[in-house]
Amino acid sequence: GESVGLHLPTLSVQEGDNSIINCAYSNSASDYFIWYKQESGKGPQFIIDIRSNMDKRQGQRVTVLLNKTVKHLSLQIAATQPGDSAVYFCAENGEAGTALIFGKGTTLSVSS
Amino acid sequence: NAGVTQTPKFRILKIGQSMTLQCTQDMNHNYMYWYRQDPGMGLKLIYYSVGAGITDKGEVPNGYNVSRSTTEDFPLRLELAAPSQTSVYFCASSLAPGNPHEQYFGPGTRLTVT
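Sequence lines, in order, name chains A and B.
With our numbering, the residue at position 50 of the first sequence is 50, and numbering never jumps.
Position in the second sequence (first residue = 1) + 112 = our numbering.
For reference, chain B alone in the conformation it holds in the complex (with noise of 0.2 Å):
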């Protein structure tokens, strides 16, 4: 299994831009999540999906989108990238939530917007 895995691994936009973090997995988990990390932080929820077709915010959803239509894809969309987008974006997924939680992240997506 490749677990988690993201593209690009690095991008940088212009003010403005648009894009789309890739994310898959392959171990047939229902649960996948966005966060974002800021330099010296903990990770922040963007976005979650408990299964293909059902979508929820986290913490900070604002000038995101995600959509779920597969198991396997949740990809997160940047329409009009700001320089406070500049982060660190990591992917996650899990069987479950609850007990045990534990969550696969993949290596994440290094944004810097300019």
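Just chain A, with the same shape it has in the complex (with noise of 0.2 Å):
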């Protein structure tokens, strides 16, 4: 079955609101996760990662949450705009740390 998995597989907000796409992993051994934007069409692109070392990081108006006590990871979208629409996919490395495990996935909707 699926390591890492999302709450939601979609999600609609208004521009401007913040958003914030949840993802919960269930492999104690991955130390490092990252999150990916993929818009219609088009391959996964970068937006953040974070490793196991850290409980916050912050980008360009995203930030991401760690909270390995509950295997939960969360990415905010500060001020989300259209552009932002996509599909948000987190991934872990898993216990080989070869490979990235992917989600699922959540569809991001924003509405202007």
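Hints are not guaranteed to be accurate.
[Stated by the list, open to error] In silico lysine to any residue, SDA-like type, Cα no more than 25 Å apart, as pairs:
(1) A/K42 x B/V200
(2) A/K37 x A/I47
(3) B/K156 x A/A29
(4) A/K104 x A/Q14
(5) A/K68 x A/G94
(6) B/K169 x A/G94
(7) A/K42 x B/M139
(8) A/K42 x B/D138
(9) A/K42 x B/A208
No wet-lab data here; the hints were simulated from the structure.
All values reported here derive from a predicted model rather than from experimental measurement.
Once you've looked at the hints, go ahead and assemble the two chains, each given alone in its own frame, into the complex.
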């Protein structure tokens, strides 16, 4: 089964709102997590990553939070824009650490 | 840099036909990967390579073969196409695994087997 999953398959927000996309993982051995954005018809694009020795990391308009106690990862997007509409995937490096394990994805729809 | 390029963009195969999906990267990355993405699903790893001459199976390798004769190229071969192989195929590369582990993805190949 899926090692990495997402709580909601879809999320709809208004332009300017903050978005929170959640992800639950089950592999305790994973020590590296990534969020990818995939626009329609394109390959996934790196957004932000976090190592297991951190619980928060900020980028430009995005923040990733990691809660290892409950194996939970979240992506926060500030002031969401229509261009943020896409499918968002979380991924972990798993026990082997040689390849990523992807969750199913959350589709974010931003209306203006 | 072109990054990761894939050809073709689209292909329709009949059951039992063969084809090779091409993948090339110009970033001198050691690691390369092939994923498939079924509708509404995440990416599943088919095969990966840690360097020229070295390949290994991922989560869903059955029905596929790969080779890595150069650092730049990582072709994926389908020998006897089946409808279950209808999917979008993504090639990716990374400098190394572990931390950091950013993978760069190609634009994908959409394959339909009928």
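> A/K68 and A/G94: Cα distance at most 25 Å?
Replying inline: holds, 14 Å
>> So if I understand the rule, the pair passes when the alpha-carbon distance is 25 Å or less; does A/K37 with A/I47 pass?
In response: With a Cα-Cα distance of about 6 Å, the restraint between A/K37 and A/I47 holds, given a limit of 25 Å.
> If you draw a straight line from the CA of A/K42 to the CA of B/M139, is it 25 Å or shorter?
Replying inline: holds, 19 Å
> Is the Cα-Cα distance between A/K42 and B/V200 25 Å or less?
Replying inline: Within the cut-off at roughly 10 Å; holds.
> Is A/K42 within 25 Å of B/D138, Cα to Cα?
Replying inline: Roughly 19 Å between the alpha carbons, so the hint for A/K42 and B/D138 holds.
> Does the alpha-carbon distance linking B/K156 and A/A29 stay inside the 25 Å limit?
Replying inline: Cα-Cα ~19 Å, so holds.
>> Can you confirm whether the C-alpha distance between B/K169 and A/G94 stays at or below 25 Å?
In response: Holds, at roughly 15 Å.
> If you draw a straight line from the CA of A/K104 to the CA of A/Q14, is it 25 Å or shorter?
Replying inline: holds, 23 Å
> Taking 25 Å as the top limit, are the C-alpha atoms of A/K42 and B/A208 close enough?
Replying inline: holds, 23 Å
Violation of the numbered hints given earlier is absent; every hint is satisfied by the structure.
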